[in-house]
Amino acid sequence: GEDVEQSLFLSVREGDSSVINCTYTDSSSTYLYWYKQEPGAGLQLLTYIFSNMDMKQDQRLTVLLNKKDKHLSLRIADTQTGDSAIYFCAETFNDYKLSFGAGTTVTVRA
Amino acid sequence: GEEVAQTPKHLVRGEGQKAKLYCAPIKGHSYVFWYQQVLKNEFKFLISFQNENVFDETGMPKERFSAKCLPNSPCSLEIQATKLEDSAVYFCASSLGQGTPLHFGNGTRLTVT
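Protein chains in written order, with my numbering: chain A, 56 to 165; chain B, 483 to 595.
A portion of the hints provided could be inaccurate.
Within a straight-line C-alpha distance of at most 27 angstroms, the following computed DSS-like cross-link-like pairs (lysine-lysine) qualify [as the list claims (entries may be wrong)]:
1. B:K526 - A:K125
2. B:K526 - B:K500
3. B:K502 - B:K526
4. B:K544 - B:K500
5. A:K122 - B:K550
6. B:K491 - B:K544
7. B:K550 - B:K502
8. B:K550 - B:K491
9. A:K91 - B:K509
10. A:K111 - A:K123
11. B:K500 - B:K565
12. A:K125 - A:K111
13. B:K500 - A:K91
14. B:K565 - B:K502
15. B:K526 - A:K91
Incomplete in silico selection of chain A near chain B, CB under 8 angstroms [stated by the list, open to error]:
16. G97
17. L98
18. I141
19. Y151
20. K152
21. F155
22. G158
23. V161
FYI, nobody ran anything at the bench for these hints, they're computed from the structure.
Beta carbons: idealized from backbone N, C-alpha and C, even for Gly.
Using the sequences and the hints, build the whole thing.
Here's what the structure looks like:
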């Protein structure tokens, strides 16, 4: 299957942590990804995690993977106004093609 | 190059006209993908190439859409006789190999009037 689901909106106060959640269906996915899209811009590869890992940390970003529950999350520490964007969760399907979620719009308020 | 380059950024076509979009993948990447982003942020896979060969075209509307990746040329996506519903942002992505991360370009916004 190639269904990826994520919540549509998240509002967070500047300086707080943001957590974006995602569930996926293809248990054979080798990589799971987080992409960021700012208004009118392209897709920026934020981070990705290999399916045999539980966690990956990269500066302010922490990715957690629960393979049993097919649950992926992205935590952004000390959220800034520049983090306002749409965040897409994606899984590899058939080991090369990406299947995207609908995107979570993150709004950072002062 | 170090990034996926898509041209043009914006393209406006009257219904029935042809549209041609270009993509230069990252140097050394052997896979190229085309995705269509429509309303509500939905991404639809169109086609992928392994070097100049079509790898997977299961998402392509065969009647009016065609794509090519020829040696020493940018890849292209062509839409003959555009329709209003073709209005979308078309993203190109490339990857080093199967199972490796996809890197996306900034997209081409196609508006069909």
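Quiz item: Going back to the hint list, which numbers does this structure go against?
Solution: 5, 13, 23
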